[in-house]
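Chains as they are written, first to last, in this note's numbering: chain A, 92 to 523; chain B, 340 to 585.
To be clear, the hints were calculated from the coordinates, so they are not data collected in a lab.
Keep in mind that the hints are not guaranteed to be accurate.
[To be verified] Quick partial rundown of chain A residues pointing at chain B, CB under 10 Å, derived from the structure:
hint, residue
1, Asp98
2, Pro102
3, Gly182
4, Ile190
5, Glu223
6, His232
7, Ala234
8, Tyr266
9, Ser277
10, Gln300
11, Ser339
12, Glu399
13, Phe416
14, Trp424
[Stated by the list, open to error] Label pairs and their calculated CB-CB ranges:
hint, chain 1, residue 1, chain 2, residue 2, range
15, B, Glu512, A, Thr388, 26 to 32 Å
16, A, Lys369, B, Glu465, 48 to 54 Å
17, B, Ser500, A, Lys369, 16 to 22 Å
18, B, Glu499, A, Thr470, 39 to 45 Å
19, B, Gly448, A, Lys499, 39 to 45 Å
20, A, Arg120, B, Gly521, 25 to 31 Å
21, A, Arg457, B, Glu499, 31 to 37 Å
22, B, Val553, A, Glu399, 30 to 36 Å
23, B, Glu465, A, Glu399, 54 to 60 Å
24, A, Lys453, B, Asn456, 14 to 20 Å
25, B, Gly448, A, Glu330, 56 to 62 Å
[Said to hold, decoys possible] Here are the simulated EDC-like cross-link-like pairs (lysine to aspartate or glutamate), alpha carbons at most 16 Å apart as the crow flies:
hint, chain 1, residue 1, chain 2, residue 2
26, A, Lys513, A, Asp473
27, B, Lys495, B, Glu581
28, A, Lys346, B, Asp494
29, A, Lys130, B, Asp574
30, B, Lys495, A, Glu345
31, A, Lys130, B, Glu573
32, B, Lys442, B, Asp506
33, A, Lys325, B, Glu571
34, A, Lys440, A, Asp276
35, A, Lys144, B, Glu581
36, A, Lys325, B, Glu573
Model, not experiment: these values are computed from the prediction.
By construction, the Cβ of each residue, glycine as well, lies at the ideal position given by its N, Cα and C atoms.
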Amino acid sequence: MTEPVTDPLTPVLTKRWTEPDAWSIETYRRLGGYTALPKALRASPEQLVALVKDSGLRGRGGAGFPAGVKWSFMPKDEDKPHYLVVNADEGEPGTCKDIPLMMADPHSLIEGCVIAAYAMRSHRCFIYVRGEALHCYRRLHNAVREAHAAGFLGENVLGTGFDIEITVHAGAGAYICGEETALLDSLEGRRGQPRLKPPFPAAAGLYAQPTTVNNVETIASVPFIVNAGSAWFKRMGREKSPGPKIFSLSGHVEKPGQYEAPMGTTLRQLLDLAGGMKDGIPLKFWTPGGSSTPMFTAEHLDVPLDFEGAVEAGSILGTTALQIFNETVSVPWAVMKWTQFYEHESCGKCTPCREGTFWLAKVLERMVDGHGTEEDIDTMLDVCDNIFGRSFCALGDGAVSPIQSGIKYFRDEFLALCEQNKAERELAGARA
Amino acid sequence: MTHAAQETFGEETVREAAEIIARYPQSRSALLPMLHLVQSVQGFVSPEGMRFCAEQLELSEAEVAAVATFYTMYKRSPCGQHLVSVCTNTLCAAMGGDAIYAKLREKLGLGERLEGNEETAGEPGEPGSLTLEHAECLAACDLAPVLQVDYEYFDKQTPESAAELVDRLRAGEAPAPSRGPGLRGFRSAERQLAGFFDGEAALESVVDGSSQAVETLRGAQIAAEHGWVAPEAEDVPIPEVEEGAK
Numbered sequence: 092m093t094e095p096v097t098d099p100l101t102p103v104l105t106k107r108w109t110e111p112d113a114w115s116i117e118t119y120r121r122l123g124g125y126t127a128l129p130k131a132l133r134a135s136p137e138q139l140v141a142l143v144k145d146s147g148l149r150g151r152g153g154a155g156f157p158a159g160v161k162w163s164f165m166p167k168d169e170d171k172p173h174y175l176v177v178n179a180d181e182g183e184p185g186t187c188k189d190i191p192l193m194m195a196d197p198h199s200l201i202e203g204c205v206i207a208a209y210a211m212r213s214h215r216c217f218i219y220v221r222g223e224a225l226h227c228y229r230r231l232h233n234a235v236r237e238a239h240a241a242g243f244l245g246e247n248v249l250g251t252g253f254d255i256e257i258t259v260h261a262g263a264g265a266y267i268c269g270e271e272t273a274l275l276d277s278l279e280g281r282r283g284q285p286r287l288k289p290p291f292p293a294a295a296g297l298y299a300q301p302t303t304v305n306n307v308e309t310i311a312s313v314p315f316i317v318n319a320g321s322a323w324f325k326r327m328g329r330e331k332s333p334g335p336k337i338f339s340l341s342g343h344v345e346k347p348g349q350y351e352a353p354m355g356t357t358l359r360q361l362l363d364l365a366g367g368m369k370d371g372i373p374l375k376f377w378t379p380g381g382s383s384t385p386m387f388t389a390e391h392l393d394v395p396l397d398f399e400g401a402v403e404a405g406s407i408l409g410t411t412a413l414q415i416f417n418e419t420v421s422v423p424w425a426v427m428k429w430t431q432f433y434e435h436e437s438c439g440k441c442t443p444c445r446e447g448t449f450w451l452a453k454v455l456e457r458m459v460d461g462h463g464t465e466e467d468i469d470t471m472l473d474v475c476d477n478i479f480g481r482s483f484c485a486l487g488d489g490a491v492s493p494i495q496s497g498i499k500y501f502r503d504e505f506l507a508l509c510e511q512n513k514a515e516r517e518l519a520g521a522r523a
Numbered sequence: 340m341t342h343a344a345q346e347t348f349g350e351e352t353v354r355e356a357a358e359i360i361a362r363y364p365q366s367r368s369a370l371l372p373m374l375h376l377v378q379s380v381q382g383f384v385s386p387e388g389m390r391f392c393a394e395q396l397e398l399s400e401a402e403v404a405a406v407a408t409f410y411t412m413y414k415r416s417p418c419g420q421h422l423v424s425v426c427t428n429t430l431c432a433a434m435g436g437d438a439i440y441a442k443l444r445e446k447l448g449l450g451e452r453l454e455g456n457e458e459t460a461g462e463p464g465e466p467g468s469l470t471l472e473h474a475e476c477l478a479a480c481d482l483a484p485v486l487q488v489d490y491e492y493f494d495k496q497t498p499e500s501a502a503e504l505v506d507r508l509r510a511g512e513a514p515a516p517s518r519g520p521g522l523r524g525f526r527s528a529e530r531q532l533a534g535f536f537d538g539e540a541a542l543e544s545v546v547d548g549s550s551q552a553v554e555t556l557r558g559a560q561i562a563a564e565h566g567w568v569a570p571e572a573e574d575v576p577i578p579e580v581e582e583g584a585k
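Put together the whole structure using the sequences plus the hints.
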């Protein structure tokens, strides 16, 4: 099929951000906010689930699971409390889209929460915000207060008989809590360690009750879909990955920032908009969606950045956090830094991840320090094989991505570090 | 509750702890905000603070300690008036974050070797005292390299700008962050993270504060300049669903 033709940038979620005081309820309402809510509440929950399913909206937190399908897993009866939990624990290295969204336009998230809660027969919603995002936390706190005063939250919303409370909850500094089941444990006041699935949260989530965990950008998209319909949403992006997406460009580009473009936009197109590479120094490697997504190189400039396109090219879309590195950056060094991050953030529950990330960091530190050997490369790949798919959650899988992809595309650079060491050792031996 | 904990935290904190518990369907969910609360009182999570939480929530001290030691935002030794967190994750590091962190360590006389996750220069809690830590990705990569003071963002830093910032903090000044309201110290930030804003006027005074970085608005502004828009949205009725589909 032919792809829909749209403008290069399609601001939907980011459109209001440029307004003064975009975060206040006055601005939000002046620009069409809280018009989807009464419309949604006049429909049935089944209609809303069907609408979101039909829109093809896929989870914006990295995994890309169809949001409407996830919603449909929630039980249809209400003999137990249902919970909606928003994952606002943004922390995947490179990812920086939800924090500006919550800072600039918190009411879009609140309106989305009320609609999503109604669709899933939930009367209680928690927004789990990363603790370090204090300004977002207070803007959300204020938005909840404003929405209450305006009758969009609380008992009998807009006279429809629907009750909903939203609690904004601050985390305390743990990357792993961005994993949905670890987030639920953390929200229950425990160490944030992932749970074995199944049971999935829709069956036994928060307090072992039916729960859906959605990302900020996913939920904030819902009011737009309710207003303009699924056909409108599908006019942007690609058939299996429709809609607009916030691409976050960071690193060695002239104009880093947030660019909302249709799904399937390429890095080449985005770089053009962003004024190209900083100071004209050529591109060396980049991540399509945070450090847990296998890196790409200049060969991949034309890969369509949607869920299918990224996978076909050997990576995953993740959070569309495009971290861009030029030729001056050493790949083994970058891989070492990321590995140190995973070592620090591994929650320690699963042995392969806890021990594996520790040793991988040690080997990489030694290698970058000039004391690596060629065998270390095979050792690392072997350790990666023993982490991937062998832990409860995706942190371990993410941790091996930079190493495996780094060695795949830049093996010579790792080897060069070892050759140097080998040559020095031989010289030292000759002197002895 | 033990007398020692009661003396440190007082009736007011007991009442606030109860307020936190009331926000949740199950009391244990109050533990993370309550740890932020005790941290706002003492400037760190002390054994006494953990005991206080355990008593309010009817948990064992071991259960609270297991949680308090898991999360990096709970500090186990007293913090300075301000907490300075420098992102040294890969992207910020490549853009200058490592150099900023090294410069600040040198400036604060912290030596080359890192002792634990964070270190404090000056007498904890006294004006001008600073705790320095290296942070993982702070989710502001388009503004790299970034650092935070009391969890407010200072964007696009250089070793020089960061050094000047630290000088001003040590002199008791409160330089304005790139985004967010004016600095009020680590303990004030922790009190807000526990969900206490102390009245509507106080909330309004902190909820304002800039957030519109050039980078944040970049895409929307380029689109506006070119007249690029999303397809026109018309109010479309929500389709009915067939009975069988329910």
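Hint-by-hint comparison with the structure:
1. Asp98: holds, 4 Å
2. Pro102: holds, 5 Å
3. Gly182: holds, 6 Å
4. Ile190: Holds, because the Cβ-Cβ distance from A/Ile190 to chain B comes to roughly 5 Å (cut-off 10 Å).
5. Glu223: This interface hint holds because 5 Å falls under the 10 Å limit.
6. His232: Check passed: Cβ of A/His232 comes within 7 Å of chain B, closer than 10 Å.
7. Ala234: Where the cut-off is 10 Å and the nearest Cβ of chain B is about 9 Å from A/Ala234, the hint holds.
8. Tyr266: holds, 6 Å
9. Ser277: It holds, given that the least Cβ distance between A/Ser277 and chain B is near 7 Å, below 10 Å.
10. Gln300: holds, 9 Å
11. Ser339: holds, 6 Å
12. Glu399: With Cβ-Cβ at 22 Å, over 10 Å, it is violated.
13. Phe416: holds, 6 Å
14. Trp424: holds, 8 Å
15. B/Glu512 - A/Thr388: 26 to 32 Å: Hint violated: Cβ distance 46 Å, outside 26 to 32 Å.
16. A/Lys369 - B/Glu465: 48 to 54 Å: Check failed, 42 Å falls outside 48 to 54 Å.
17. B/Ser500 - A/Lys369: 16 to 22 Å: holds, 19 Å
18. B/Glu499 - A/Thr470: 39 to 45 Å: At 41 Å between Cβs, range holds.
19. B/Gly448 - A/Lys499: 39 to 45 Å: This hint holds: roughly 44 Å between Cβ atoms.
20. A/Arg120 - B/Gly521: 25 to 31 Å: The hint (25 to 31 Å, Cβ to Cβ) holds, given that A/Arg120 and B/Gly521 are roughly 28 Å apart.
21. A/Arg457 - B/Glu499: 31 to 37 Å: holds, 33 Å
22. B/Val553 - A/Glu399: 30 to 36 Å: holds, 33 Å
23. B/Glu465 - A/Glu399: 54 to 60 Å: Since the Cβ atoms of B/Glu465 and A/Glu399 sit about 57 Å apart, the hinted range of 54 to 60 Å holds.
24. A/Lys453 - B/Asn456: 14 to 20 Å: Taking Cβ atoms as reference, A/Lys453 and B/Asn456 lie about 19 Å apart, which means the hint holds.
25. B/Gly448 - A/Glu330: 56 to 62 Å: holds, 60 Å
26. A/Lys513 - A/Asp473: violated, 22 Å
27. B/Lys495 - B/Glu581: violated, 54 Å
28. A/Lys346 - B/Asp494: holds, 14 Å
29. A/Lys130 - B/Asp574: Roughly 10 Å between the alpha carbons, so the hint for A/Lys130 and B/Asp574 holds.
30. B/Lys495 - A/Glu345: holds, 13 Å
31. A/Lys130 - B/Glu573: holds, 13 Å
32. B/Lys442 - B/Asp506: holds, 12 Å
33. A/Lys325 - B/Glu571: holds, 12 Å
34. A/Lys440 - A/Asp276: Given that 16 Å is the threshold and the Cα spacing comes to 13 Å, the pair holds.
35. A/Lys144 - B/Glu581: Cα-Cα ~15 Å, so holds.
36. A/Lys325 - B/Glu573: Answer holds: A/Lys325 to B/Glu573 is near 14 Å, not above 16 Å.
Violated hints, in rising order: 12, 15, 16, 26, 27; the structure is consistent with all others.
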